[in-house]
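So the sequences go chain by chain: A and B.
Residue numbers in the first sequence follow the numbering used here, run continuously in steps of one, and reach 270 at the last position.
Residue numbers in the second sequence follow the numbering used here, run continuously in steps of one, and reach 674 at the last position.
FYI, nobody ran anything at the bench for these hints, they're computed from the structure.
One should not assume that every hint holds.
[Stated by the list, open to error] For the chain B half of the interface with chain A, some residues (derived, Cβ under 7 Å), not all of them: (1) W291; (2) A308; (3) S321; (4) L397; (5) R410; (6) L434.
[What the hints assert, rightly or not] If you want the footprint, here are the derived chain A segments under chain B, 3+ residues with CB under 8 Å: (7) 101 to 111; (8) 160 to 170; (9) 231 to 243.
Glycine included, each C-beta is placed from N, C-alpha and C at the ideal position.
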Amino acid sequence: MHARVGVVALLTDRGRGRLLAALPHAMICGSCLEAERQLRSDNCAALILDPCVPGVTAEWAQGLRSEFPLIAFVLYAELDPLAFARMAELMRNGFADVVLRGYDDTPSRITQLLEDAIARSRDQRTVERVIEQFGGAPAALRSAIVQMFSHPNRFHNVHDLARIALMSIRAVFRHLDAAGVSSGRRLVAAARVLRAYQLLRQHSPTSREVARRLGYASADQMCVHFTELTGYTPAQVKKGVEETDFVDRVIASICTRTADAALAAAELSV
Amino acid sequence: MTRPLVIGPLGVEQSALCSFWEELQRRHKHDLPWESVAAGLLAMRVVDAHSDGVPVAADATRRIREQVEALSPEESTRTTLIALSDTGAFLRGEPADELIAAVFAYGRALEFEGAWALAVDVYDVCLRIPQLDAHPMLARLYIRLGRCYLCLESLSRASELIELGKEIAIAAENLEVELLAEMALCRMAALRGNLPQAERLADAVLARAQAPELRSIQSRAVHERATIAFYRSDYRTSVMLDLEALRLCLEPTEAWRIRSDMGGCLILLGLLDEARRITWSVVNRSPERSVRVGAQLNLLELEALAGDRDAFEVIRQGLLRAPLPPELATGLQHQLGRAFLVLGDVEHAREHLRRALTLATEFGFGAIIIEVDELLKQTHARARSRAVYSDEDVAQIRTALATL
Chain A
1 MHARVGVVAL LTDRGRGRLL AALPHAMICG SCLEAERQLR SDNCAALILD
51 PCVPGVTAEW AQGLRSEFPL IAFVLYAELD PLAFARMAEL MRNGFADVVL
101 RGYDDTPSRI TQLLEDAIAR SRDQRTVERV IEQFGGAPAA LRSAIVQMFS
151 HPNRFHNVHD LARIALMSIR AVFRHLDAAG VSSGRRLVAA ARVLRAYQLL
201 RQHSPTSREV ARRLGYASAD QMCVHFTELT GYTPAQVKKG VEETDFVDRV
251 IASICTRTAD AALAAAELSV
Chain B
271 MTRPLVIGPL GVEQSALCSF WEELQRRHKH DLPWESVAAG LLAMRVVDAH
321 SDGVPVAADA TRRIREQVEA LSPEESTRTT LIALSDTGAF LRGEPADELI
371 AAVFAYGRAL EFEGAWALAV DVYDVCLRIP QLDAHPMLAR LYIRLGRCYL
421 CLESLSRASE LIELGKEIAI AAENLEVELL AEMALCRMAA LRGNLPQAER
471 LADAVLARAQ APELRSIQSR AVHERATIAF YRSDYRTSVM LDLEALRLCL
521 EPTEAWRIRS DMGGCLILLG LLDEARRITW SVVNRSPERS VRVGAQLNLL
571 ELEALAGDRD AFEVIRQGLL RAPLPPELAT GLQHQLGRAF LVLGDVEHAR
621 EHLRRALTLA TEFGFGAIII EVDELLKQTH ARARSRAVYS DEDVAQIRTA
671 LATL
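This is chain B alone, in the form it adopts within the complex (with noise of 0.2 Å):
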């Protein structure tokens, strides 16, 4: 998906909080979102003043500060929201550390929301932050916004932005961000298919991360391990390494990553029972949405190879109720897709992908379209190749996931 673009008088991008006015316009007021992208934008304007130095009037402080507490507390948004509403932004203080880590915050909580197109506008009036020049978070900024162009299929952007990154931080010799680069930009060549690469950066990285401080970077370099190993349809090797990162996981949020990947591959082994139970633990525990998401799209694909239509329809029912960010959504419809085709159900199954492709026409996903397009062209149901395993190789991974 592309970011909506603006294009000013002058025939370049204004790219002020258009993600936002976009996403404004698309819903509905009584909807709980709505409100929440509301409060997120009038937020980012007074941070936009406050970078301007023009001093927004108290009343209006106040108002989107109550406007920010009237938001369920349910609201994953509400408390980064809260708390850049605690910051000098508001308060007429000087104090920009806390305001870019408070707007950083908040970025990440709509990444967390799989809204990356807005995360895309606060990371930008984070970047509009005077006092962010030669500042620490700089690196880490350009990094997040490469992995949200990542998650936009805006590919040679991200790679500029994290090769950005990089730059800082190796000139500010902090291994730590310089690493998280290296990641990005071993995820972003996976991606690519060029697999043979991402091996050699996820092993450099490994070798460069032995420090103690730096567990959660091996973590994370184990973890892109095992997606290659997925990618290869190697899902024996893939479960043994995410095995791996999560013994050396610290962060909850990745832990939960690893597990929905881990859930995936334990499909593909056919290991059914333990797939579930690790999925749904997914479903119902992790913070980041879109995580939550890809986790209740495996289910659906375990419960279509299972064959229980009762427990498919259960979830594709809590799914479809959930209002989506553009891209979980046509996400989602690609799935019932494939999923109702693995039922044999090919009427739903076209249906459904019809609704795929219309969702990724109006928003821009290339791959989607391509493999939506050619699941279309297939008349009779397909499941999905299965490798397969010696009995004992699946023992073995029973064994070690009895250690989770």
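Next comes chain A alone, as it looks inside the complex (with noise of 0.2 Å):
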């Protein structure tokens, strides 16, 4: 993935030796000026961040982040009070994603971490479609689709939904009624149709890496879900399929009132 997606690390001299041995197509840089500068002359897919870099702060990340909303923040500190100190500033304004220095910054783990945090940022204009639907649902199940959509892989099914949801199952098959979901089970099938679109188009893993990660059983049962929820089989998409194109064509399968507006539209239009 990192010969091909950018990766800005904005990072102190300390944490540059074991970020360039995991990720060596990294471009590092050393002060925020140079890694704002990088950030609007790359198309860079993603963003890892020492909070411990002088100038780092809430306000300026949030900046960043409305001038760049599909770029990936990762922050990368090591296990101590200060850079958790500013950490904390960074995450109670919504920059969740973090990799520990000795921890997390293995070739392979990083890799995943960062991949998920791109395909996460990357879904949110559709994961805010999704959720708009939910405007009079209770937090804690708007909360609960939203970690579904950001970790698909933990959802099977509707009882997953509930349970992190912390509702009855039957709560939640009320609230989705009244979003106008026509089906549970394809809206958990969407969060990961939707992350299996992102990292088809991210880098080249095979359908069945794709599916192994998000939890199918086989490659077999993702293509079901693809050609249900889209028409399309994962090897069209890995061919190219219209990134629009792709995501209307889930919410109008979860959503009936979506779908009921499409209908009325191409009928209008016929």
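Take the two lone chains, each set in its own frame, and fit them into one complex as the hints suggest.
So, in structure tokens, the structure goes:
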């Protein structure tokens, strides 16, 4: 992934060696200005951020996030009180992806954490669209749905969603119905299909690899979800399917209201 | 107190271990609890990674294990963290039952330490283990979560979770867990001041928990009746019921809770020597930190009432030296303020009450804010009202205590 996807790392001198060993293609910067320049000039997918670099504040990071909404922000810190104090400020402002130096920065682990963070940031707008549907639902359910789209491999059915939302299954179905979601099963599948789409597009893993990572029993099972929700197969996605088209199909397949609206629009255009 | 809340870019809560992060930024590195919380955070991240199906490098799990083993043997969470690092999440196996039990045990250990916000995060990690669905532990987990929220003064959340746990227990025909949920609801009713409802719930549990294997539940129900009597200022009945609960009790931890409550009642009955003996035994032997600290707070009041300023100072200094979680630290300052009022030392009382107010405001303890505010308005010493009992009553209690 790293040879193809741009990763900028804003680090103190101390953290550079380990990170470069894990991500040899990362562009290392030593100051906020340098990092900003790099982000503006390159097609970057992720910014790895050491909270101990002078000038790194929640306000600065938020400004950057507004400017680059599709970039994944990943905090990279040592297990140390000073770093934690700075990190807590960033986390309170919604920067939740963390890599701990010496624990998470082996090449395979950091690669996976980065890929997931990048996919999450790219899915953000889609999740916003889904969450909009749940405006009237309790915060706990909306939080669980966001968790489901952030970590789709943890959710295999509506029971999982209910468990994380701390709700009974009946209450979840009631809220899904109120939100115009046609099928809870499809909503859960949508989270995994969207993540699979991002992973298939990010680099070149096999469908089997992506299916395994998302907790599917087999690549065939993933393929069934793809076709059921979008009409496309994973192979077609790898060859190139427009993201807007793919996402629209997923949303339409889970939301009755959206599906009805799409149908009405299609009828009107005819 | 509310848990730290992290609102993500989508305007909903991001709750991944946020209490751990907050706790770690508050503490100092060379303080032992910092190391303990840090080890807990690392372990929970491994469990989350396991739930995600992401293998953690063997080197990282080895380092975490070393970090856990380096904790002082006196550190109460050490044993549970070691047990956790022996499970499949660390050893790349799949025995989910062991993992769920180990994470649950770590959550309980944190509860024993009075670290309820951390325990909530741990139970959330447990809920994220995919195999937990339809696991017999699920109902218990919801009830524990509810209990934690109860301690964090989030009553409506607590109520929802306990009801949910009860619903699952009923569906699974698990009477023991269902009755545990009823007991939690009974406690909530008592805390809300609805004593008749609390009494009805406790009686209903007692009526249903007649089987010998449900003796622990019987004990808890009788203990709850004792608490209700305490809230009604009927301290004599409360002590007698506590003794009955103790007779039925099979769990050492619960037995120390009962003794601690009984000590508090004896103070109010004026049986200071008996109260001192029981309360010191709780301080020295209860495995639950919140119960030990609660008992020490009772001792403060006791020595203030006895007018023993030296003994009072010894306990006060001991309590002030110990690092305490926010809930207990606030309770300590509150109780010190009250005790100084009893001693007639208004200046010191004000000082501690102001500290309690600052802490209660910082951490959002609504009930304490109101009470401390009231106390601060008082400029004269105020002793807690004591019920008057006949010599016969007192003799009867002394006789009953002799059987302990």
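**Report entry** Hints that the structure is at odds with (numbers, increasing)
**Finding:** Of the numbered hints given earlier, those the structure breaks are 5, 9, listed in rising order.
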